[in-house]
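For the record, the sequence lines run as chains A and R. Letter by letter, the first sequence follows residues 41 to 676 of this note's numbering. Letter by letter, the second sequence follows residues 41 to 676 of this note's numbering.
No wet-lab data here; the hints were simulated from the structure. Quick caveat: nothing in here was measured; it's all calculated off a predicted structure. Treat the hints with caution; some may be incorrect.
Interface residues of chain R toward chain A, partial, derived using beta-carbon atoms under 7 angstroms [to be verified]:
#1 254
#2 568
#3 631
#4 636
#5 643
#6 644
If you only want the chain R side, here are some residues facing chain A, beta carbon under 8 angstroms, derived [stated by the list, open to error]:
#7 158
#8 570
#9 574
#10 578
#11 601
#12 633
#13 638
#14 676
List of simulated lysine to aspartate or glutamate pairs, EDC-like, C-alpha gap at most 16 angstroms [said to hold, decoys possible]:
#15 349(A) x 637(R)
#16 98(A) x 127(A)
#17 349(R) x 428(A)
#18 349(A) x 557(R)
#19 349(A) x 639(R)
#20 349(R) x 638(A)
#21 349(A) x 307(A)
#22 349(R) x 637(A)
#23 349(A) x 369(A)
#24 401(R) x 639(A)
#25 440(R) x 421(R)
#26 574(R) x 375(A)
#27 401(R) x 638(A)
#28 401(R) x 340(R)
#29 349(A) x 360(A)
#30 574(R) x 434(A)
#31 574(A) x 421(R)
#32 574(A) x 375(R)
#33 98(A) x 84(A)
#34 401(A) x 638(R)
#35 574(R) x 375(R)
#36 301(A) x 255(A)
#37 401(A) x 194(R)
#38 301(R) x 254(R)
#39 349(A) x 371(A)
#40 349(R) x 360(R)
Backbone N, C-alpha and C fix where the C-beta goes; we use that ideal spot for every residue, glycine too.
There are 2 protein chains.
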Amino acid sequence: MNQQGGRADGMWLSDVEIDDEFWTPRRERNRDVTIDYQYEQLEESGTLENFRRVAAGKSGGFQGMWFQDSDAYKWIEGASYVLAQRDDPVLAERVDEVVSLIAEAQGEDGYLNTYFSLVEPESRWTNLHMMHELYCAGHLIEAAVAHYRATGTETLLDVAIDFADLIDDVFGDEIQGVPGHEEIELALVKLYRVTGTRRYLDLAAYFIDLRGKDDRLAWEIDNPETLGGAEYGDGSIIPDARSVFTREDGTYDGRYAQAHKPLREQETVDGHSVRAMYLYAAATDLALETGEDELIEAIERLWTNMTTKRMYVTGGLGPEAAHEGFTTDYDLRNDAYAETCAAIGSIFWNQRLFELTGEAKYADLIERTLYNGFLAGISLDGTAFFYENPLESDGDHHRKGWFDCACCPPNAARLFASLGDYVYSRRESALYVNQYVGSTVTTTVDGTTIDLSQDSALPWSGEVTIDVDADGASVPLRLRIPAWAESPTVTVNGETVDVPTDGYLELERAWTDDRIELTFEQTVTQLKAHPAVKADAGRVALKRGPLVYCLEAVDNDRPLHQYEDPSPVSTEHRPELLEGVTVIEGAASVPDRDGWDDDLYRPVSETARERIDVTAVPYYAWDNRAPGAMRVWIRS
Amino acid sequence: MNQQGGRADGMWLSDVEIDDEFWTPRRERNRDVTIDYQYEQLEESGTLENFRRVAAGKSGGFQGMWFQDSDAYKWIEGASYVLAQRDDPVLAERVDEVVSLIAEAQGEDGYLNTYFSLVEPESRWTNLHMMHELYCAGHLIEAAVAHYRATGTETLLDVAIDFADLIDDVFGDEIQGVPGHEEIELALVKLYRVTGTRRYLDLAAYFIDLRGKDDRLAWEIDNPETLGGAEYGDGSIIPDARSVFTREDGTYDGRYAQAHKPLREQETVDGHSVRAMYLYAAATDLALETGEDELIEAIERLWTNMTTKRMYVTGGLGPEAAHEGFTTDYDLRNDAYAETCAAIGSIFWNQRLFELTGEAKYADLIERTLYNGFLAGISLDGTAFFYENPLESDGDHHRKGWFDCACCPPNAARLFASLGDYVYSRRESALYVNQYVGSTVTTTVDGTTIDLSQDSALPWSGEVTIDVDADGASVPLRLRIPAWAESPTVTVNGETVDVPTDGYLELERAWTDDRIELTFEQTVTQLKAHPAVKADAGRVALKRGPLVYCLEAVDNDRPLHQYEDPSPVSTEHRPELLEGVTVIEGAASVPDRDGWDDDLYRPVSETARERIDVTAVPYYAWDNRAPGAMRVWIRS
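Could you put together the complete structure from these sequences and hints?
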């Protein structure tokens, strides 16, 4: 076993200690509120009881959604990341209990899925499209790897290995097929990395390669009555289900599950956006292991399609609610679906893309997504969550405490808890600083120990200080220059160095108590969307540093659609507002309401406009005060 | 019987002969194509067969929608209007056949509804909300009145009278209740006027007055299993049916059928827009007969709400498809439902409002609706129809030849055929010219015979000439000055007279071969919508004379959302285009596409715009060439 677990030059959470004015309070709330609350929900929702019933050999009495086991697994994964970074005996004991329960519920042959064990034991693996056995197995494996790496104990890892072995015995042999919801693919790569057992990588490759080549999913959609979980298998919990899965002519459209053609032939990011992100992340993992050119080309082609034609300015993904996913190029309607989990999945994928290529653009996108598309998903107090993240609301969209389909909160919890993974990275014998988050790290690069201590004023100001010490040894340091930084300046021990406009600034020297000071100017920028984006025609979005801003009704007198031609005048940091935010203040043009009387339509020549104050707040912070309208894209 | 039929000073179609460059070809196509095609459809759809089966005493075998009888009635009505204006032996024979068939199908007691007679004879009058027996009865009565007035024969009128007598015996006595779909109310007033029998007016008043006061409709919605037509009665053919009828708390919301409160207490136009128009039209008829102040106040309040807060610039009504109707003030989203029948219903209502008040604003709105919201509903060749009339389309909205619910085509047919009703009117011993449509009329005003011959270049040019002769007798003539006419000028025998800016110009003299020449300047006007209309914020609509214009993809190089700040440069009449239209040509700003490369978002400071040609065509003419996008409201 390799408790380090990652690729040969990976880093692990326990190396990084985060102490950041912006992120630390959020991570603490995640730990103290969210993970605690989620544990209670595991009991409340019957998730743990399902495992208890299976462990006790009972049948029937299943509670919740058919893929509810994954809630327990995601909770363990998030909790394990917390335990990797701090002692928490209460949490550790809870994790142990849940791990034991899961182990007890595992079948003799390694099978583990409480829905099928309790309700339809004879129907295992019959409904790959909808019933999510492999999806749950993937989350079990991710939890097991995290738990093992955090604690060194192998209880859950053994469970995962036994189940993975069973899956490997069954799939590719007696059953040919892929899961309707990707997840196990990237989990199997993790399991391969931590165990060194090649069959898991091969099984991941099997699932990735077969997708889009066989017609099993299509057959299932057309024959729901023959499947396990038939009450779900017809898609009846999904509104307008057949339209999600089928084309207008009634034939199966694999797009929903990225199964419309082999991955290597895909040109556009399609279908359910979380599934897409998990698949592409796994494929990037596979490419990291194999170096296969065709796969790398496909992944980069998909990334380019996503980032140049199918991504919100917040990093959010997928406009359409009906199938929770992508539609067509430039369809970026502002009543976006943009599921929080898709933003999280994008961060997973982009991290792997960085690892594959070493390119800063992936870390840039992680930053954009972290501060906007992801962070908006969680209320400031950490107790409520958006499933959907529109860029415009009439005032009727609000975070909720939990969901019938509770995927977003535990996914957010595990991302908060593993934030340290995204700050630094080792690659090509260099140490990368990818995110500017206050933290310390002690690690080794090619056998040389190096200490970094980072202090960051982001996102409110672009002042970053990094103290570096390697006892005089030389280690290449690569500092990301954010694409948004307009006139970046960097000094080392007070001396200015040349800085590229983006990408990485490489510094190499015999590090001995050296101080690097980075200054990323943060001006308010008005962004336009590509001319083909109908939804944003004649509109601008305000951006400052990594943050996208929005107008909220609570700060502005007029209905938001009336604001036009905003001119940012100043920014002001307000420590008392929304736990401390920098607001953008300015003026904008609104219609003069005089003269309208009872008219509904008037000649433009008889109408007038006036300029009034306008205030914008960071998008991530919206819907934390009085309910009301919000819009990111303001008329220009 | 009063074959003149209307109010004491009404006019009848046969007095008016239309000969107009714009309207005559449309009316001819309506007669030669639409009414003919509709007749074929009556056979094709099983509508006539339903009557035959009832006449033959058969049961079962009903074909089509449960309110399909009304198709036959509406066809007879439209055909009768044609017969009132010209000899057409073939059409007359067809009408006679259908009338005979209907008469044969009537029950001994006067009952007439083929659905209930064939399918559920025991369930008459059990499902007032959904099953439309009274709605069909209303169309029977309208057809009967039209047929009697056109032909002088009483066959169908007797059928209608017998059925109306039965309804009057049943309702208000053994049954208290109102129809879910208004229509019979206005029909009963017509029947009263032609027969002079007071009970029909009283029955109309009963239905109008009871609406919103009893809870029968609510009870039906909650007890669909006890009703006739249960397979329809649960609203299952209406998508998302309960949400149409119920509030969020699950209780019945009478708004859909204007039954949420008594009409005299209603403040806003609500619910299904066709139903609303028919109810308000009937209520205005009732007010004409009774002069009741409270009713008149309610009607005028509703009209003000509609025209100042809930009406498209085309005169279209009702944004929401789910309940085919009105929503909230200023909700004028451009993917409008705006059913063609609602525009027709608005014309019916406004004509009655004019008769009630003599105010020009109602004739103004009839003109706006005729040339835009109504006329767009029919293809140039008269064979295809819009049910919905959006003000913006991505290119996937097209007219269809017929509909499962075929209400719009026959409604359009009867309006085209009765256009003469809207051109002239007698009121307060004066002769009104309400619409500028080339025509001749010979009529009497207070016993004085007067001949008018009108020549009109509308809508392409505002030149109108009216020759008047009354053998030297004096008759007040009231000429509508359209609200859109900017500098109207009028001469009588070459001498300029003073003209009000809108309303009516009254001319009175001893008419002897006099010539009135009216000139209504037609400039292109850019209209703004009220600041509260979110959908049109930052947009303008182009209008010229009575016509609203739109951009169509086929005339313009760029996607329509890219056009901004249009500046009309000139107008040009193109006789070869769209059967002859005046187009608006100009320039507009569009994004410079250079420099975008693979960017999805760029600072506005790095983007540029350029001006290119833009062409707008009359809204009514859209979707008659290559399919493509269309938009009325252009970014400003």
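These are the hints, each one checked on the structure:
For the restraint placing residue 254(R) at the interface with chain A, the shortest Cβ-Cβ distance is roughly 33 angstroms, beyond the 7 angstroms limit, so the hint is violated. Here the hint on residue 568(R) is kept, as its CB sits about 5 angstroms from the closest CB of chain A, short of 7 angstroms. For the restraint placing residue 631(R) at the interface with chain A, the shortest Cβ-Cβ distance is roughly 4 angstroms, inside the 7 angstroms limit, so the hint holds. Interface restraint check for residue 636(R): the shortest CB-CB distance to chain A comes to about 6 angstroms, inside 7 angstroms, so the restraint holds.
A least Cβ separation of about 5 angstroms between residue 643(R) and chain A falls short of the 7 angstroms threshold, and the interface hint therefore holds. Proximity of residue 644(R) to chain A holds as hinted, the smallest CB-CB distance being about 4 angstroms (cut-off 7 angstroms). With a cut of 8 angstroms, the hint placing residue 158(R) at the interface with chain A is violated, because the nearest CB-to-CB distance is about 33 angstroms. Annotation: residue 570(R) was flagged as interfacial toward chain A, and the flag holds, the nearest CB pair being 5 angstroms apart, inside 8 angstroms.
The criterion of a C-beta within 8 angstroms of any C-beta in chain A is met by residue 574(R), whose closest approach is roughly 4 angstroms, and the hint holds. For residue 578(R), the suggested interface contact is upheld, since its CB lies about 5 angstroms from the closest CB of chain A, less than 8 angstroms. Annotation: interface hint on residue 601(R) holds; nearest CB of chain A at approximately 4 angstroms, less than 8 angstroms. Using the Cβ-Cβ criterion of 8 angstroms, the hint placing residue 633(R) at the interface with chain A is satisfied: the shortest such distance is roughly 6 angstroms.
Taking 8 angstroms as the C-beta cut-off, the interface hint given for residue 638(R) holds, the closest approach to chain A being about 5 angstroms. Against a cut-off of 8 angstroms between C-beta atoms, the interface hint on residue 676(R) holds, since the closest Cβ of chain A lies about 7 angstroms away. Between residue 349(A) and residue 637(R) the CA atoms are separated by roughly 11 angstroms; this keeps the pair inside 16 angstroms, and the hint holds. Distance check on the hinted pair: residue 98(A) and residue 127(A) sit about 36 angstroms apart at the alpha-carbon level, beyond 16 angstroms; violated.
The hinted pair formed by residue 349(R) and residue 428(A) fails the criterion: a straight-line CA distance of about 32 angstroms is larger than 16 angstroms. Among the hinted pairs, residue 349(A) with residue 557(R) is inconsistent with the structure: their alpha-carbon atoms are about 59 angstroms apart, more than 16 angstroms. With a CA separation close to 8 angstroms, the supplied pair residue 349(A) and residue 639(R) stays within the 16 angstroms bound. Between the alpha carbons of residue 349(R) and residue 638(A) the distance comes to roughly 9 angstroms, so the proposed pair stays at or under 16 angstroms and holds.
Restraint check for residue 349(A) and residue 307(A): satisfied, since their Cα atoms lie roughly 12 angstroms apart, inside the 16 angstroms limit. Our distance criterion of 16 angstroms between C-alpha atoms is met by residue 349(R) and residue 637(A), whose separation comes to about 11 angstroms. Between residue 349(A) and residue 369(A), the direct Cα distance comes to roughly 5 angstroms. Compliance with the 16 angstroms bound is thereby established for this hinted pair. With a C-alpha separation of about 13 angstroms, the suggested pairing of residue 401(R) with residue 639(A) holds against the 16 angstroms cut-off.
Restraint check for residue 440(R) and residue 421(R): the C-alpha separation of about 12 angstroms stays at or below 16 angstroms, so the hint holds. For the hint linking residue 574(R) to residue 375(A), the alpha-carbon distance of about 14 angstroms falls within 16 angstroms, and the restraint holds. Distance check on the hinted pair: residue 401(R) and residue 638(A) sit about 14 angstroms apart at the alpha-carbon level, within 16 angstroms; holds. For the proposed pair residue 401(R) and residue 340(R), the alpha carbon gap of about 12 angstroms is at most 16 angstroms, so the pair holds.
A C-alpha spacing of about 15 angstroms is found between residue 349(A) and residue 360(A), which places the hinted pair at or below 16 angstroms, so the restraint holds. For the hint pairing residue 574(R) with residue 434(A), the CA-to-CA distance comes to about 10 angstroms; that is within 16 angstroms, so the pair holds. Our distance criterion of 16 angstroms between C-alpha atoms is broken by residue 574(A) and residue 421(R), whose separation comes to about 32 angstroms. A distance of roughly 14 angstroms separates the Cα atoms of residue 574(A) and residue 375(R); the hinted pair therefore holds under the 16 angstroms criterion.
As the CA atoms of residue 98(A) and residue 84(A) are separated by approximately 20 angstroms, the hinted pair breaks the 16 angstroms bound. Restraint check for residue 401(A) and residue 638(R): satisfied, since their Cα atoms lie roughly 14 angstroms apart, inside the 16 angstroms limit. Taken as a hint, the residue 574(R) and residue 375(R) pair is honoured in the structure, with Cα atoms around 13 angstroms apart against an allowance of 16 angstroms. At most 16 angstroms may separate the alpha-carbon atoms for a hinted pair to count; residue 301(A) and residue 255(A) meet this at roughly 11 angstroms.
A hinted pair counts as satisfied when its Cα atoms are at most 16 angstroms apart, and residue 401(A) with residue 194(R) does not qualify at roughly 83 angstroms. Of the pairs offered as hints, the one joining residue 301(R) and residue 254(R) holds, with about 9 angstroms between alpha carbons and a cut-off of 16 angstroms not exceeded. The hinted pair formed by residue 349(A) and residue 371(A) meets the criterion: a straight-line CA distance of about 8 angstroms does not exceed 16 angstroms. For a cut-off of 16 angstroms, the pair hint linking residue 349(R) to residue 360(R) stands: about 15 angstroms separates their Cα positions.
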